[in-house]
Amino acid sequence: MSNGIRVAALDEIPEGEGISIDRTVTGTDDDIALLRDDDGSVWALNNTCTHAEASLAEGWVEDGYVECPLHSSKFCLKTGTVQGLPATRDAVAHRIEVREGDVYLFPHERP
Amino acid sequence: MVARVVVAGGGIAGVSTVSALRAGGFAGDLTLVDAGEFPYDRPPLSKDYLAGRTELKSIALQTPQWFDDQRVRLITEASIATLRTDLGAVELGDGTIMAADRVVLATGGRASRPPISGANRPRIHVLRTAEDAERLRAALVPGARVLIVGGGLIGAEVASTGSALGCEVVLSDPVWPPLGRAFGSEVAAWLHGMHETHGVTTVHAPVEAFEDAEDGIRVTLAGEKAPRILDAALLAVGMAPETALAESAGLRVDGGIVVDAGLVTSNPAVLAVGDAARRCDDGALARRSEHWEAAQLDGQRAAATILGVAPPADTAPWFWTDRYGVHVEVVGELGHAKQFADRGVLGEPPFSVFAMDSGRVVGAVSVDDPTAVRAARRMIDRALTIDPAQLSDAATDLRKLVRGRPTEGTI
Chain X
6 MSNGIRVAAL DEIPEGEGIS IDRTVTGTDD DIALLRDDDG SVWALNNTCT
56 HAEASLAEGW VEDGYVECPL HSSKFCLKTG TVQGLPATRD AVAHRIEVRE
106 GDVYLFPHER P
Chain P
3 MVARVVVAGG GIAGVSTVSA LRAGGFAGDL TLVDAGEFPY DRPPLSKDYL
53 AGRTELKSIA LQTPQWFDDQ RVRLITEASI ATLRTDLGAV ELGDGTIMAA
103 DRVVLATGGR ASRPPISGAN RPRIHVLRTA EDAERLRAAL VPGARVLIVG
153 GGLIGAEVAS TGSALGCEVV LSDPVWPPLG RAFGSEVAAW LHGMHETHGV
203 TTVHAPVEAF EDAEDGIRVT LAGEKAPRIL DAALLAVGMA PETALAESAG
253 LRVDGGIVVD AGLVTSNPAV LAVGDAARRC DDGALARRSE HWEAAQLDGQ
303 RAAATILGVA PPADTAPWFW TDRYGVHVEV VGELGHAKQF ADRGVLGEPP
353 FSVFAMDSGR VVGAVSVDDP TAVRAARRMI DRALTIDPAQ LSDAATDLRK
403 LVRGRPTEGT I
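Read top to bottom, the protein sequences are chains X and P. The opening residue of the first sequence carries number 6 in the numbering used here; numbering runs sequentially from there. The opening residue of the second sequence carries number 3 in the numbering used here; numbering runs sequentially from there.
Just chain X, same shape as in the assembly:
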């Protein structure tokens, strides 16, 4: 697994948005949200908001954060750190590499 798991083509993730990768592909406990910031960078967090049943891949991605689509808690794209209530727990962040237009996930490695 040293090369990571290919989870998407970079072009599949519009800037300012996210897509969800099923846990059967990633082998993780939760689905993985691939989130693309305005500057084009891609980040990976566990997809389920730590507060309620919501998909962070459907959230609003901007300026280094993703805003949950249900109650607007924000999480840092890079570290998963929660920025405000109602969520109280950080999201789990995973390392990503982009090689030749493909996105590779390194589950549970720190970004």
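None of the hints are false.
So these bits of chain X aren't anywhere near chain P, every CB distance computed over 10 angstroms:
#1 G9
#2 R11
#3 A13
#4 S25
#5 D27
#6 T29
#7 G32
#8 D35
#9 S46
#10 G69
#11 C81
#12 V97
#13 E102
#14 E105
Taking lysine-lysine pairs in the DSS-like style, the calculated list, with each CA pair at most 30 angstroms apart, reads:
#15 P:K59 x P:K49
#16 X:K83 x P:K59
#17 X:K79 x P:K49
#18 X:K83 x P:K402
#19 X:K79 x P:K402
#20 P:K59 x X:K79
Beyond 10 angstroms from chain P on every Cβ pair, some chain X residues (computed):
#21 T31
#22 V47
#23 T53
#24 R104
#25 Y109
#26 H113
The hints are simulated quantities; they were obtained by calculation from the structure and are not laboratory data. Predicted model, so just to flag it, every value in this text is computed and none were measured. Backbone N, C-alpha and C define an ideal beta-carbon position, used for all residues, glycine too.
Given the coordinates of chain X, work out where chain P should sit on it, guided by the hints.
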């Protein structure tokens, strides 16, 4: 130099205050006094917590570890009895005197009990605290005949929760549709109509009286010949700010503890936040918001005042509500707009409606379409000029309408 802060009340406003103080670098003594077992979040009290789908611990606003880590002294099942502004202190209910350079009143409010004859009977509930929710839950058994008085956010959410639990729910509100100003009248009417499609009977009549019946309560609704027999009723007609502490300390109170833009009361050592507080800017008293995020922002503004730093930027007011499996959000103001842009088909979720004024978005409501409200909030906050035809075009990516566009004015 402020060295000791005491916050009265552990709702979202109080917890937000202590959280923002520490995040802003406050290194002094910080105490939060709360009447409950621990500070918890209130929105689930009419939804998952009422339904018994989550336990109180799961809706704690912060973990015990967090209070330890943040060096917040949490005094629970207690309250402040007196503001000893003469001593620069507060006195707790048990007589303990605690020194405080600043006191933040986050005392919230009580559920209103309208002056209806017989409204104090044990089968007649209100919903404000976890204990209220637990008592109401015990009454919401399958087949129970339940009257909800008031079709606002709480009443509608409890109607949804109660009908899903198998209760026979009657929802009464003299106004049709309720929440017309909050959602805009068309969306309000559609949302109110969801009650009937989910088996809830809606009536548009005020309650005249409650009386004891053999196996329940007898309720008389205006205009109905025969009284209805019920097992339980919920009074969901709004809240009254908790101002007793402020009043006894001689602070200015007028439909809430009166505060300035920095949340400072008529006593410069006392601030007030959340549902208990009422803003007065340039002599004009504002309407209290009573929403979750407004209380959170109040805590952040009060912390900025105490720290002597710039407050967080103003943003359009926002709230959410959940009923019958749909998630509804509102940002800005919809009640007064003359022009609307629909996105999707009203009544067929996901859809949203944008309220426009002079080429700018002033409000939006979304049903299962939260991206629309997040886009609208940025359009409002940045005062962007927006073409309504683009909002209505399903092919438009709303994110692209705001991304990279700086502010064009002030809200």
